[in-house]
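Visitor: Place chain B on chain A using the hints.
So the protein lines, in turn, are chains A and B.
Per this note's numbering, the very first residue in the first sequence carries number 446; after that it's consecutive.
Per this note's numbering, the very first residue in the second sequence carries number 701; after that it's consecutive.
Derived from the structure by calculation, the hints contain no laboratory data.
Ideal Cβ positions, reconstructed from N, Cα and C, are used throughout, including at glycine.
Hints are all accurate, no fakes.
Covered stretches of chain A (in silico footprint by chain B; criterion: 3 or more residues with CB under 8 Å from a CB of chain B, positions within the stretch not fixed):
1) 470-482
2) 488-495
3) 545-552
Here are the simulated BS3-like cross-link-like pairs (lysine-lysine), alpha carbons at most 27 Å apart as the crow flies:
4) Lys757(B) - Lys495(A)
5) Lys771(B) - Lys757(B)
6) Lys482(A) - Lys504(A)
7) Lys471(A) - Lys495(A)
8) Lys471(A) - Lys512(A)
9) Lys757(B) - Lys471(A)
10) Lys547(A) - Lys757(B)
11) Lys495(A) - Lys512(A)
12) Lys547(A) - Lys765(B)
13) Lys471(A) - Lys547(A)
14) Lys495(A) - Lys547(A)
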Amino acid sequence: QQPVQSPQAVILREGEDAVINCSSSKALYSVHWYRQKHGEAPVFLMILLKGGEQKGHEKISASFNEKKQQSSLYLTASQLSYSGTYFCGTDLSGNTPLVFGKGTRLSVIA
Amino acid sequence: EAQVTQNPRYLITVTGKKLTVTCSQNMNHEYMSWYRQDPGLGLRQIYYSMNVEVTDKGDVPEGYKVSRKEKRNFPLILESPSPNQTSLYFCASSRTGGTGELFFGEGSRLTVL
Numbered sequence: 446q447q448p449v450q451s452p453q454a455v456i457l458r459e460g461e462d463a464v465i466n467c468s469s470s471k472a473l474y475s476v477h478w479y480r481q482k483h484g485e486a487p488v489f490l491m492i493l494l495k496g497g498e499q500k501g502h503e504k505i506s507a508s509f510n511e512k513k514q515q516s517s518l519y520l521t522a523s524q525l526s527y528s529g530t531y532f533c534g535t536d537l538s539g540n541t542p543l544v545f546g547k548g549t550r551l552s553v554i555a
Numbered sequence: 701e702a703q704v705t706q707n708p709r710y711l712i713t714v715t716g717k718k719l720t721v722t723c724s725q726n727m728n729h730e731y732m733s734w735y736r737q738d739p740g741l742g743l744r745q746i747y748y749s750m751n752v753e754v755t756d757k758g759d760v761p762e763g764y765k766v767s768r769k770e771k772r773n774f775p776l777i778l779e780s781p782s783p784n785q786t787s788l789y790f791c792a793s794s795r796t797g798g799t800g801e802l803f804f805g806e807g808s809r810l811t812v813l
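Next up, chain A with everything else stripped away, as it sits in the complex:
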């Protein structure tokens, strides 16, 4: 039931773009995205509810494709501060606990 994230890790230079994917084998009600910097707690980025909406947070945006049961996180013109591990969390019904993927480690270098 754990969602599958890809890639597992990615290295970018400042200014480059990246896409992180999150796929589920089951129909989803919502997808959550969190970022965890090294040595810190995960921090909420955004929630996407079923309906295929796209959301944005600074230069980070995400989409949710219900039919494909997947979500993608888009990081545009990456900055050093974007480095960290990104987790997606999936919710099946709106009243079930989040199940997190294993994470994608993003490293942005100068």
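Guide: Okay, now just chain B, sitting in the frame of chain A:
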């Protein structure tokens, strides 16, 4: 300041010595949860609570107990810790269940020798 507070932040203990990790939130959240984080495995849920006196098992509940006697507190109890429970533990809370933004505590790093 809205926060989730965990204690202790770091603990080294020995096999079999009972310990409790406390978690307290000041946001009047109904939902609270415990996760463990291990390299390469992501965040795995141990137990969660939808409200006072209501607790449920997550994905990896073996060896752990919890209680939710009051809304703000959700302690994690290891009755007889074993080395495979060495991990980084996070407590989190949200206003609602699965659809709410989760606020995480700073984490408790536990080592069981």
